[in-house]
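These protein sequences, in sequence, are chains A and B. Be aware that the first sequence starts at 1, since it is given in the numbering used here, and climbs by one per residue. Be aware that the second sequence starts at 1, since it is given in the numbering used here, and climbs by one per residue.
Because the hints were derived from the structure by calculation, they are not lab data. Be careful, since some hints might not be right.
Stated by the list, open to error - Partner residues aside, some chain A positions facing chain B, computed with beta carbon under 8 Å: (1) 213; (2) 214; (3) 625; (4) 627; (5) 628; (6) 632; (7) 634; (8) 637.
Ideal placement from N, C-alpha and C gives every residue a C-beta, glycine not left out.
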Amino acid sequence: MSNEALVLAILVLPIAGFALTAVFGRRLGDRSWAISVGAILLTWAAGMVVVFGQLTGGFGPDGLHFTLYTWIPAGTFQLDANFAVDNLTAALLIVVTTIGMLVHVYSIGYMAHDPGKWRFFAYLNFFMFSMLLLVLAGNFLLLFVAWELVGLSSYLLIGFWYRRRSAALAAKKAFLVNRVGDVGFSIGIWAIWTTVGSLNFSDVFTKLPHMLASGQIQSWQITGIALLLFCGAVGKSAQFPLHVWLPDAMEGPTPVSALIHAATMVNAGVYMVARANPIFSHAPAAMVIVAAVGIFTALLAATIALTQTDIKRVLAYSTLSQLGYMFASLGVGAYAAAIFHLMTHGFFKGLLFLDSGSVIHGVHDEQDMNRMGGLWRKMPITHATMLIASIAISGIPPLAGFFSKDEILGASFRNGFYVVWLIGAVVAALTAFYMFRLMGKTFYGPSHVSPDVHPHESPPTMWVPLVLLAIPAALLGLAIGWPPDSGLVHQWLDPVFAQADQTLGVPHEAFQVFGIDGALLLVSVALATVGLVASVRLFGLRLPGRDVEPKPAVVEAASARLRPLYVASFHKWWFDDLYHGLFYVIGGVVARAAWWFDGHVVDGVVNGVGTLTVFSGREVRRIQTGRVQNYALGIAIGLLVMAASLLVITAR
Amino acid sequence: MSHSLDAYLALSSLLFCTGMFGFLARRNAIAMLMSIELMLNAVNLAIVAFGAFTPRLTVHASVIALMVIAVAAAEATVGLAIVIAIFRNRRTPLVDEYDTMRE
Chain A
1 MSNEALVLAI LVLPIAGFAL TAVFGRRLGD RSWAISVGAI LLTWAAGMVV VFGQLTGGFG
61 PDGLHFTLYT WIPAGTFQLD ANFAVDNLTA ALLIVVTTIG MLVHVYSIGY MAHDPGKWRF
121 FAYLNFFMFS MLLLVLAGNF LLLFVAWELV GLSSYLLIGF WYRRRSAALA AKKAFLVNRV
181 GDVGFSIGIW AIWTTVGSLN FSDVFTKLPH MLASGQIQSW QITGIALLLF CGAVGKSAQF
241 PLHVWLPDAM EGPTPVSALI HAATMVNAGV YMVARANPIF SHAPAAMVIV AAVGIFTALL
301 AATIALTQTD IKRVLAYSTL SQLGYMFASL GVGAYAAAIF HLMTHGFFKG LLFLDSGSVI
361 HGVHDEQDMN RMGGLWRKMP ITHATMLIAS IAISGIPPLA GFFSKDEILG ASFRNGFYVV
421 WLIGAVVAAL TAFYMFRLMG KTFYGPSHVS PDVHPHESPP TMWVPLVLLA IPAALLGLAI
481 GWPPDSGLVH QWLDPVFAQA DQTLGVPHEA FQVFGIDGAL LLVSVALATV GLVASVRLFG
541 LRLPGRDVEP KPAVVEAASA RLRPLYVASF HKWWFDDLYH GLFYVIGGVV ARAAWWFDGH
601 VVDGVVNGVG TLTVFSGREV RRIQTGRVQN YALGIAIGLL VMAASLLVIT AR
Chain B
1 MSHSLDAYLA LSSLLFCTGM FGFLARRNAI AMLMSIELML NAVNLAIVAF GAFTPRLTVH
61 ASVIALMVIA VAAAEATVGL AIVIAIFRNR RTPLVDEYDT MRE
């Protein structure tokens, strides 16, 4: 099989699975998962072959670029449906196909009792197609199409339980908030076309430096384009100020939260900015904004995550926070570190969500952590895997999160963004704290599970994916991130970002264990440990041979002393209320005014014209009597008038 | 044969006005068709009169007059056929009752 066919298979299999499940799924009943899970297993296999081929250099130094057909032949605007596979794509393919495959398997167990699960699996396949198209797309417009398709599948899956009002509202909210960002994105694409005259990634990125050097493009134009593209990323990756949709998106089934709203789709923004790195690296001002927005979101979301009680919401804010890290990393010019964190985060956050799903499943659809506790003995596998993921996200060596997070922090310090580093280190401590708060409240504290619920471990289709995900969550950092700053991931990604590094003038120094890098590493690990220990002290921990009792009284006292902060965090800094006021109340007034204007003025004019026509028609109709002699009289009079006027004119 | 063109033209206009009056005033469809014939023949008379008094036009006038006669015959045939068809439907020859086209 040729390489192109293999890449196409990655796209064709999920969409075929979607079509078949959509048509025949209902008839398959309880086995409706068969087609779609099979399709994704094959997709994963094809994806792994492509990844292996690409990363070992089997597709040549530039990767695989091919055109399927001419998509839009419209005069001077010519656009192909072309695909590009390079090392960046390969990195994303690993995350998307692997987590997608495991989530599909997990969903067999999780959705077992849902009568509409054929719909669920069809949507999941559709999402996989969209996401893989997004990753493989070779030009901006195709990327945008895939971008919208993942938005659509996200909408469908958030609102999967559409009879629940909150789910329907959350789906709508996600869709609308994303539109705000997409407006900027689409204008950005238009701006690229008008300035550079092409939308193909390779054309744009090779032309851009020359056009900038020859003065055909001003630097402010590039900054503008970069900011507009970033708008789209802000929407899709739920960064401040468009972060409000992601926590609400947790209304969807938990596998969806894991796959779409933690591990893959929300990374699309990071991927897009990384893909457009030649544009961003020529726009230093835009980079600073990216870094600022990213690190601010990281801090904001981490503070909110401290007090939430819904287990999935804690994880949602944690996702926001980690995505903030990635954008901060992109902003300081550490593209490879951002993608590295994207990969590790995809695995451990996907695992955390699947674990939370397992917990929710085990306690019979309860999501409030105040009604959990003491589950560690009843759900041992879930507990063990979630503990691994929590340590990983907290950045404790040698688990995955440590390597990627430390690279981001190190890069921001070395590239001179000391504020980003400082906030990032603080957020690392907060991360460890809220993750172990979640662990404590769920697994260790006194049981608040209602007496008629008997928590149980989940079926094998659910815990096997958990175990499989725990392996990369634990070891991926060590496998591809060691040694720091020159690990496997850097060997893969540094060629992709070499041009950008050169433009930015990023110093490429070796990692100094006994120098500044080692010191930074110690500081960040120390901070994370402080957060972790504090949290364990307050919320408890139970490991074989080591029990720490939770201290609810101390927690009470502390939150009472920090009342204003606690309330602010609990109410998510009132962003939802602010937007409600701005866009729902005030926007509602404006909308009603516009509605009135439309109903009375615009429609009034249109209806007025119509009424006038009807009225004049009714009046003028009387001339038409239908009697032939009246018409003949008209003809005769006309003839006379013409003859008379001829006489008058010629007589003169 | 008179030697004055005016006399012919006066007769022609008299005939034409008679025809026009008949067409406008009579309600019977047959009478209206007859009035049309009258008008056509008035025009024909004018044409041959012009032809007779202007040697350059004699041949042309005769041809045109013949053509008008032929057209008039065809028109009378078609007109009568229509009138008969309507008469079969409506049972009346009076044109002011033929007003279905009004609505």
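Item checked: Given hint residue 634/A near chain B, where the shortest CB pair must fall under 8 Å -> Residue 634/A check fails; min Cβ-Cβ to chain B is 10 Å, beyond 8 Å.
Margin query: Under 8 Å is the threshold here; is the Cβ of residue 628/A close enough to any Cβ of chain B for the hint to stand?
Written below: Since chain B brings a Cβ to about 5 Å from residue 628/A, closer than 8 Å, the hint holds.
Next item on the list: Report holds or violated for the interface hint on residue 637/A, using the least CB-CB distance to chain B and a cut-off of 8 Å.
Entry: Violated: closest Cβ of chain B sits about 10 Å from residue 637/A, beyond 8 Å.
Margin query: Restraint: residue 213/A near chain B, CB-CB cut 8 Å. Satisfied or not?
Written below: Hint on residue 213/A: violated, closest Cβ of chain B at ~78 Å, above 8 Å.
Next item on the list: For the hint on residue 625/A, just tell me whether its beta-carbon gets within less than 8 Å of chain B.
Entry: It holds, given that the least Cβ distance between residue 625/A and chain B is near 6 Å, below 8 Å.
Check: Against chain B, with CB atoms and a cut of 8 Å, does the hint on residue 627/A hold up?
Finding: Hint on residue 627/A: holds, closest Cβ of chain B at ~5 Å, below 8 Å.
Note to self: Min Cβ distance, residue 632/A to chain B: is it shorter than 8 Å?
What the structure shows: holds (6 Å)
Notebook entry, point to check: Is the hint on residue 214/A kept, meaning its closest Cβ partner in chain B is under 8 Å away?
Noted result: violated (75 Å)
In this structure, the earlier hints numbered 1, 2, 7 and 8 are contradicted, and the remaining ones agree with it.
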